[in-house]
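Turn these sequences into a full structure, and let the hints steer you where they fit.
Number of protein chains: 2
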Amino acid sequence: MKRVLVTGASGFVGRQALSPLAERGFEIHAVSSQPRTPMPGVTWHQCDLLAADGIPELMQRVSPTHLLHLAWFASPGQFWTSTENLRWVRASVELVSEFAAAGGQRVVAAGTCAEYEVTGDDCDERVTPLRPATLYGTCKHALHLVLEKFAEGRFSAAWGRVFHLYGPHEYPERLVPSVICSVLNGEPALCTPGTQVRDFLHVADVAAGFVALLDSSITGSVNIASGAPVSIANVVQSIGRHMGAESLIHLGARALPTHEQPRLTANVSRLRDEVGWAPAMTLDAGLLHTIDWWRSTSRSRR
Amino acid sequence: MKRVLVTGASGFVGRQALSPLAERGFEIHAVSSQPRTPMPGVTWHQCDLLAADGIPELMQRVSPTHLLHLAWFASPGQFWTSTENLRWVRASVELVSEFAAAGGQRVVAAGTCAEYEVTGDDCDERVTPLRPATLYGTCKHALHLVLEKFAEGRFSAAWGRVFHLYGPHEYPERLVPSVICSVLNGEPALCTPGTQVRDFLHVADVAAGFVALLDSSITGSVNIASGAPVSIANVVQSIGRHMGAESLIHLGARALPTHEQPRLTANVSRLRDEVGWAPAMTLDAGLLHTIDWWRSTSRSRR
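As they're listed, the protein sequences go chains A and B.
Sequential numbering from 685 applies to the first sequence in the working numbering.
Sequential numbering from 685 applies to the second sequence in the working numbering.
Keep in mind the hints are simulated off the structure, nothing from the lab.
Beta carbons: idealized from backbone N, C-alpha and C, even for Gly.
Any given hint could turn out to be false.
Claimed, not checked - Covered by chain A, per the in silico footprint, the following chain B stretches (three or more residues, Cβ under 8 Å):
id, region
1, 770–777
2, 812–826
Claimed, not checked - Partial list, computed: chain A residues near chain B (C-beta under 10 Å):
id, residue
3, ASP737
4, ARG771
5, ALA775
Below, the structure is given as structure tokens:
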């Protein structure tokens, strides 16, 4: 029996993890700080992971064999430097500690490409130095160090590093939604020159990658990414093309943010060859799906 | 006005920090989980740092300008791998977070030589890789990463890395006390060959080094050590000689523990040249002082 506790289960990635978990035969216990509408096959637990005593009670109630820890503070513009990162380090350390005490067997938690030193080469889990430039990246890195060492002799652990993702329920001020919503409103999308090269992966694939990693016995850090580098210009122009509104995409209308890295991409050989998983969606398919979702969402708001 | 909050103030290092803090003009607020006998110039706060709500209340009550964080789990034989290390990561992260929220200005916290990868060269804060082999070293390293990045733009922070220390109130099962106590009992001290080379510093000097670091504006990690490498054989033979009982020191009576590092020593140029501090006691003076302390303690127990 595989009984998984999913944190952040109502979040951007977590909500997409429930279907692939069900497909792989997990008994699903999903954590959210808010009351949730019941879903078939999912037991929801309302729990504030940042509150005292929430975590030990939750672990004793569920007694999971598996932990998929996706919850973190993610408010755009704030998450890089916020003190909330420290609260999530504390909660995450408590979570893995109580998971072990409850007899748990395997943990997968969400890391970030922001843990890597950006060298311009594809980030490789076995080679690229871990030298985070931000508090967010540092807190994730510190948690990974503690998780991996604590796991030794206690349980199996892996760490999925997320790169750039997009899809339904993303914060609307972020790149992909902001361009789509501008076009939906018939307004110009004012973009940077878009020369930055990134690894974009649809959030449903990110979640499915996490679930494949959880359902494997692979340990250590694994990039959860497409392995298909693309420029920001290419992404936003694709959105314009798919929406029949290329003229609304204004590349170069805004300056590049300072300290923006020219290239931040992923080596995905661990994910592909060791975990044996590859994304289901191309960038074009993922963007079309995302455009449809925003279109129906904005329509239902009218 | 310099108002310092000292955690672990009734512990091995902490109790020795109170006098040098007073000498440097700090208003001293000392934290202990147990009720303490009043001392002139020291305000004691009874607080379990691992309990919910203890830390925010303490910080609001004291509102310190300085934090000297020495508390951690230290039970011999257990501290390397214990889950308690995770509780201390959580408490320590909460401590620095609440310290910042209360307007604190400077933090010094205790790190360890166990954070370093042991290469055989003197451990150098600027050069030696940080690759802890143990959960204890990993948790300290993770805390340091979070502390240093969180401090940026918020407060000034330094991290004192402790090597091998000895002196009054050490756990009696540890090396120096166990040899002294064997000799005091007229029993042979059964030692390893003692070929391991270490950096030994009397705990009063360790504490004074921390206080000098706290009272400086130096940031980053600083080894708190003697800079005078010595073999374990030399240490235990010196104890025998000072106690007039060299024949009770049996080098080679026990095997070296597996994984024992042949050499673990400190470069102290940051401490000496940047902080401008050097130990007051030689090894011989420190051992004599320690022998006297154990002699009077064992006498008072009779």
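For each hint, the structure was consulted:
1. 770–777: That given contact holds, which follows from 5 residues of the region 770–777 of chain B lying within Cβ reach (below 8 Å) of chain A.
2. 812–826: It holds: at least three residues are needed, and the region 812–826 of chain B offers 7 whose Cβ sits within less than 8 Å of chain A.
3. ASP737: At about 7 Å, which falls below the 10 Å cut-off, the nearest Cβ of chain B leaves the hint on ASP737 (chain A) intact, so it holds.
4. ARG771: OK, holds: ARG771 (chain A) within 10 Å of chain B, min 7 Å.
5. ALA775: holds (8 Å)
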